[in-house]
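Chemist: Letter by letter, the chains look like this.
2 protein chains.
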Amino acid sequence: MGNINYSETKILKVKEPIVLKSGKVLSNVEIAYETYGRLNENKDNAILVLHALTGSAHAAYIHKDTGKAGWWDDMIGPNKAFDTNKYFIISSNVLGGCYGTTGPASINPETGKQYALDFPVVTIEDIVDVQKKLIDYLGIEKLIVAGGSMGGMQAIEWSIRYPDVVNSTILIATSARLNAQGIAFNAVARNAILTDSNFNNGNYYNGQNPSSGLSIARMIGHITYLCEEAMFKKFGREFKDGPSFDFGIDFQVESYLQHQGKVFVDRFDANSYLYITKAVDYYDPIKEYGSLEAAFKNTNSRFLIISFSTDWLFTTTQSKQMVNALVSVDKDVSFVELESKCGHDAFLLEFEKQTKIIKSFLRG
Amino acid sequence: MGNINYSETKILKVKEPIVLKSGKVLSNVEIAYETYGRLNENKDNAILVLHALTGSAHAAYIHKDTGKAGWWDDMIGPNKAFDTNKYFIISSNVLGGCYGTTGPASINPETGKQYALDFPVVTIEDIVDVQKKLIDYLGIEKLIVAGGSMGGMQAIEWSIRYPDVVNSTILIATSARLNAQGIAFNAVARNAILTDSNFNNGNYYNGQNPSSGLSIARMIGHITYLCEEAMFKKFGREFKDGPSFDFGIDFQVESYLQHQGKVFVDRFDANSYLYITKAVDYYDPIKEYGSLEAAFKNTNSRFLIISFSTDWLFTTTQSKQMVNALVSVDKDVSFVELESKCGHDAFLLEFEKQTKIIKSFLRG
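If you read the protein sequences in the order shown, they are chains P and H.
Going left to right, the first sequence walks through residues 801 to 1164 as the working numbering numbers them.
Going left to right, the second sequence walks through residues 801 to 1164 as the working numbering numbers them.
Since the hints were derived computationally from the structure, they do not count as laboratory data.
Be careful, since some hints might not be right.
Here's a subset of chain P near chain H, in silico, CB distances under 8 Å, partners left out [claimed, not checked]: (1) P817; (2) L853; (3) I983; (4) G1042; (5) V1053; (6) H1059; (7) V1063; (8) F1064; (9) V1065; (10) D1066; (11) V1080.
Just so it is clear, the structure is predicted and the values come from calculations on it, not from any experiment.
Virtual Cβ for every residue (Gly too), placed ideally from N, Cα, C.
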């Protein structure tokens, strides 16, 4: 169908230092970003798409260097949910990440060495403030924001933090804050990295990576991204080859998790995993503003909230809390719970249903 | 109230070799066990109580050496659910464990050294066969069996494997087989142990223990024993001291999990954790017999099945599958789902409700 669209990742060097929520200051921040479609003359057709935990700026199209499709390529493009014939879509890698935006593997200008754990702990608020630099640089004053999972948290914060900029907010499979169980999973994941014998207090860049710990962290993550129903459907209790009567890989679900762990350690930095999960754990506008109603009170946005029936990491109940808070402060909010057997992963898989709903919301 | 009851752990040396499900043979098997109450003249008042994943033979009373109460002391004793005025209660440590019954830390008679990973992989069926040696030794021919979680799996297998012995079976917070998600959690837990740099292919007994891996395994376990509701009630999103902006312990739920991990590594053998979780993963009478109905068809037992509303590791749905299978092969089965906010841990916490139901069933 038609021509192939290619993307490239650009770097914006932020001139001014960024003051973080912790009070620490980051200089020489760089932002990796991609754009799809064209910004119109009025500069009022921009959508900022926000990635989840381990995503990158490469959200759509085929990357001209790697040949790989973006993580939301099924959602962004001509006539897709985020239609590049109409909209100018922006995607940037988060602060603290490892795909081009400044993070713990970046060079600390004060020492000339990689930050490692000298990188300051960053928050969702900091991540959003850095994204704002990119939006300012692009000359955009009105914005639609959209994200799933941790991307949704960023979108929530955008609507709260920059109420004069954000006029539409799309929140998918997300929540205003992680529940205690979610913190628990992240805590165990970080513990696996921190106690890996190669971790060396984060200074592993010239040695062996803490691959075992990072792999365990990823396996834990994948359990929470699926749901029992999805796992049963995908793997059941089937053996890979039959019972081994040893401690090798026995069940197909074990094989799947091991594979996910192995692939992940080749593509992600363990320190970034620490920083980004911490940002997710910390995010809590309810604590910050006293209530969700107070947090949303000054927003000037329409909201679309989508949850998935089998998502147990970011539940429908949590989405409804946001809906109720928005309604009670007289905001324009649409809410849909989509039936899905894919668990939390649904936001990366259930394209057709999401597309219809998002298109309708964007028309509205 | 009244006198304190003390217990002691005894050891039975099994003379004959045990042929395992894998075909391997174990010699010189020893069984650690305790008993409470008195066996009557007819030897028909015995209840075998079966422990969960990391339990021991010390189920009740105050241990005369350690001064500690047994893991089900609230359920076993005079006038309790398992009434020692009426019944003779037996509890034994499982094969492969680390509390007295032969396991990977035991001496291999062929080498004079600890087995470590030379210990054969054992199954729930093997665990039950070893318990049968104890029951035979005690001269008991009719038996009530009762267990929660992995203890329930043993009870299921007792009813199937020894239909002429078992006349009543009490299954609490258990299932005929672990679901795919449960296998996934166990697989990640084992992976954490196996990849600990101290693990040394299981030969750590003269060196450093794989404490980091075992601790992670335990933390994962504890997440599954609670439920989000219980976690929220216990910890919410409260900080221990306030946001640290580092990677130390921040949230109370993190502190709880770290503590559980730390306590566990002092009391449990990492190799045993591998063997016992593997036994749980493998257990599958549905696969073994073709269906649950076929598995239960030749049992001669009454059944009591108790599930807990917030248990997501061994769900009410799984309990109902057993109920339906038993009904369809004309067995006498009672079923209760107890409301609880404690998740899977409820079987170790909700004593009052369980006591009423169990007493009624045992009278019946």
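Chemist: Broken hints, numbered, in rising order?
Modeler: Violated hints: 1, 2, 4, 6, 7, 8, 9, 10, 11; rest satisfied.
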